[in-house]
Each structure stands twice: as structure tokens, then as C-alpha cells.
Amino acid sequence: MKKELIVSKIKNGTVIDHIPAGKALTVLRILGITGREGTMVAIVMNVESKKLGKKDIVKIENRELTPKETDLIALIAPTATINIVRNFTVVEKRKVVVPKIIRGLLRCPNPTCVTRVEPVESVFETISINPLILRCAYCGSELRGEDIEQQLLGQQT
Amino acid sequence: MCAELICLVLDSFEGLLGSGFKGRDIISITDFDREDLQELFERAYRLERFSRSKLDVLKDKVMALAFFEPSTRTRMSFETAMKRLGGSTIGFTSEEATSIAKGETLGDTIRMLDAYSDIIVIRHRLEGAAKYAAEIASVPVINAGDGKQHHPTQAMIDLYTIWRLKGTIDGLVYGVLGDLKYARTTASFTLALGLFKPKVIYLISHPLLRMRESVKEYLRSKGIKFVEVENLDDVIEELDVLYVVRIQKERFPDPSEYEKVKGSYMVTLKTLAKAKKDLIILHPLPRVDEIDRRIDQTPHAAYFKQAAWGVPVRMALLTLIFDVEV
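Chains as they are written, first to last, in this note's numbering: chain C, 1 to 157; chain G, 1 to 326.
Hints in this document: simulated from the structure, not taken from any laboratory.
Since the model is a prediction, treat every value here as computed from it, not as a measurement.
Possibly wrong hints are sitting among the right ones.
Stated by the list, open to error - Derived DSSO-like pairs (lysine-lysine); straight-line CA-CA distance at most 27 Å:
hint	chain 1	residue 1	chain 2	residue 2
1	C	LYS51	C	LYS9
2	C	LYS100	G	LYS274
3	G	LYS59	G	LYS166
4	G	LYS222	C	LYS100
5	C	LYS54	C	LYS23
Claimed, not checked - A partial selection of chain G residues facing chain C, derived with a Cβ cut-off under 8 Å:
hint	residue
6	GLY103
7	THR105
8	ARG111
9	LEU126
10	GLU127
11	GLY128
12	ALA129
13	LYS131
14	GLY147
15	GLN149
16	TRP163
17	SER214
18	LEU272
All residues carry an ideal CB built from backbone N, CA and C; glycine is no exception.
With the hints as constraints, model all of the structure from the sequences given.
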């Protein structure tokens, strides 16, 4: 039996597939997409996935994610895959990669870390991907999945 | 858009492990390996006889002592070591006497010291301050304590004391007693043991003062056996080395937390009744009430030797960083 698409194909833009179930809205918030941009955004949640059991999918018309944005998604949806679509054809497939070093994006949770007091850019080293654990390169404090997500979402508001 | 403002950089920390001391910053004891420390110990041993005389191998060098936090032994032994090697020192011992009191950033202070000196020794209340200083300065930076995180030269002295008195660091049973949560000395000492092969390390503390997870994780990664216990009495018979620290009252964010643990441990003559005859007790000093002063007169007390050996160890370190023969 031919599989039926829940949401139609997009002509140009980005399809983010294999998002952990329930994280689609977080991905959109991280990318700063509110829906007020006027372009089509499709969200499919909790669909069956061989790889993940259940997954979310996001389709964004007329916007190609930059490599930096791809890395950002890695911090909240490390299983995601990114397809860049032009004229209904996937022209580029990207796997998100959790960066080994993350600079300037996140705040160290330790109030007596030098990065919290002096004008120093924060630097985190990825010490584990699943579960995601980052370690401050200055004070050794750790940031874990939920804290990272909370921080990234906090920056969008 | 936020995502465009952020900077994610794929990068990697380049390890300098095992590359000696020449021109290096001394930020964490884990930046070095046992061969490095062996070289340091042998040189320190040779330099012990110069602890009360003067060499001129660093006569054109200036050391900046940037002590943003109080210090007695560390600052004075660095100063003594530099002067015994013929060098000179500049610096300050509190924030109040400097432009920091006027709002100067740490970065600007370090840039100034970088221009005035050949090596900077820094102690600061913030974790990561020494690493940050090292990133700014072109001259080597030595971490003399950054908040509750590292005190690598103290760990070098601690291990040197054990090496001198026991002839080895491997195969011994260690007890680390006290405020393992906030004391940077216990963290650096325990990390330093991870470079060797201790038989077992007992981490002895009140449940509220347990060693931080990252240090324990490091021990696990090195395959070092450690056990967390609450009472010294339970393990005293087994110990070859007992490392004691005071409770770091000044680092407790909540005074009520301090009240809960105040006076929760003390090493007494009674405690030592069951100890091995050749047990040595180390303490980075200053002590408050955690070691009964009557123990000072026993062969167990190694802490004053430990403090005295701060000078030859730091002399050795400076000659290795500046790459001068002695």
C-alpha cells in the first residue's frame, strides 16, 4: 500500500525530520519561528518512526537553515535530520552534530564561575551526547539536557 | 534572530599532557602527568639544599603576585622561591589596594601585569579565573587557587611530601578528610593521585561535604578505587596517608549550611591510637580545630615539613618553566 503524506511536500525550504516526539514546538522556538512570518510551517507530532518509536517533523517553506542553526538544533534534538529542499527535490541532507565546543551560547550555572562575573565568553565542552551533558571549560560545572533547553528557550522570549 | 547571534564553534581542546613545564601555564594538576611530576620532584630534591641560600639563575626575571584573595604560605613561598633563585617580585595581596576597587576588570589587571612581569601567579575567588588570565597573558600564569576549583602547586607539594617521606606514591592507602566540597586543595590532591596508582582512596566527609562529582568521575576514568565514608574511625587502621583540610567557611553560600557541619570532624590522639605507626598526616594549612595540636609532636605530623617543602618545589617549578639548569 502506498504511504500517504500527512502534510504535502514543500517546494523550497527545510524539512526537519526525526525530532524526538514532543520537541517540534521547542525546535520552532529555538529557530525563532512564530508563525507570523507569513510562510507555510507544517508541524507533525507523534508520528510512528522505525528509528525513534515516535517522532515529530517540521517543514518550513522558503527558509534554508544555516549550518549554525543546524548545530543549535543538535542541542535539543540530537537525532534530527535536516533536508534542504529546492523545487520539490531534496538537494542536501544534513545530520545534526552536537558541537564538541559551544561558545557564547549558554550561561554557566555556577554563580562564582569567572564567565558569570567578568566579560568572558562562556565555553562548554560536550562530554556526553546521550544524555547530553556539557561541561564549563572554566569552572567544570555541568549543564544537562533540560537546563540547556530551558536556557535556549529563555533566550527566545 | 537569536540563532544568527550565537557562535557555535567546532573545535577541540588541544591536550599538552606530558610535554613538560617549559613556558607552560599551571592551571590544573591534570594538565600534567606522572613523568612531569617525577621530573619536578627530582629537581625539588636537588634544590632543597638551596632553600636557605641564593642562586642567580632568574636574576633578570620579575614575578607578579596577583593575590585577589588572602594567602600566607602560598604567596610567601612563591616569593621566597623567586628570590632564592635571584628573581624579584611585584604584586598585591588584596583587591582593596588596587584599581579593582575602582571597578577594573580582571582582564585589564592581567594585561597590565603581563606587560610588567615575566610570570604571573594568581589567586582569585572565582573558579576559572586563572584559566581566563592565562588566555589573556603572554607570559606563563600559575594558578595559586581559583575559588573552590584548583590549587595545582599545592598538590605538587602534597605529593612531593609523600614521595619524600614514603619513597613512593603508588600502592598506598589514602584518606582525604574534611570539607571535600569546597576545598580546592582536596580536589587538586585527589586529582593528582589519579595520575598515580594509589591502592585505595577513602573520601571521608560529612554527607553535606562530599567530593564534587567531576573529581570522582575523573578517578573512575583512571580506574582508581575510591570509597566514600563518613567516619575516620572506620578506616584509620588502613591508612598510610591522611590528608586533612579545614572547613572552608568563606565559600559556603548559605551560613546555615556551615552551622550544620561546623566541628563535624577532628583528628585526635585517641583517633590515632589505632593508626599505623608510619601513618603520615598532611594538611595544606591553615588549620582551625580539625587536628589536635598535641599531634604536632608525634611522628605522624608531616604538615610543617609539607609547608617548608613549598619553597624547593616552587623553586623547581620556576626553573622548569623558565627552562634554566640548576
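Hint check results:
| no. | hint | result |
| --- | --- | --- |
| 1 | C:LYS51 <-> C:LYS9 | holds, 22 Å |
| 2 | C:LYS100 <-> G:LYS274 | violated, 50 Å |
| 3 | G:LYS59 <-> G:LYS166 | violated, 35 Å |
| 4 | G:LYS222 <-> C:LYS100 | holds, 22 Å |
| 5 | C:LYS54 <-> C:LYS23 | holds, 11 Å |
| 6 | GLY103 | violated, 12 Å |
| 7 | THR105 | holds, 6 Å |
| 8 | ARG111 | violated, 13 Å |
| 9 | LEU126 | holds, 4 Å |
| 10 | GLU127 | holds, 4 Å |
| 11 | GLY128 | holds, 3 Å |
| 12 | ALA129 | holds, 5 Å |
| 13 | LYS131 | holds, 5 Å |
| 14 | GLY147 | holds, 5 Å |
| 15 | GLN149 | holds, 6 Å |
| 16 | TRP163 | violated, 27 Å |
| 17 | SER214 | holds, 5 Å |
| 18 | LEU272 | violated, 34 Å |
Violated hints, in rising order: 2, 3, 6, 8, 16, 18; the structure is consistent with all others.
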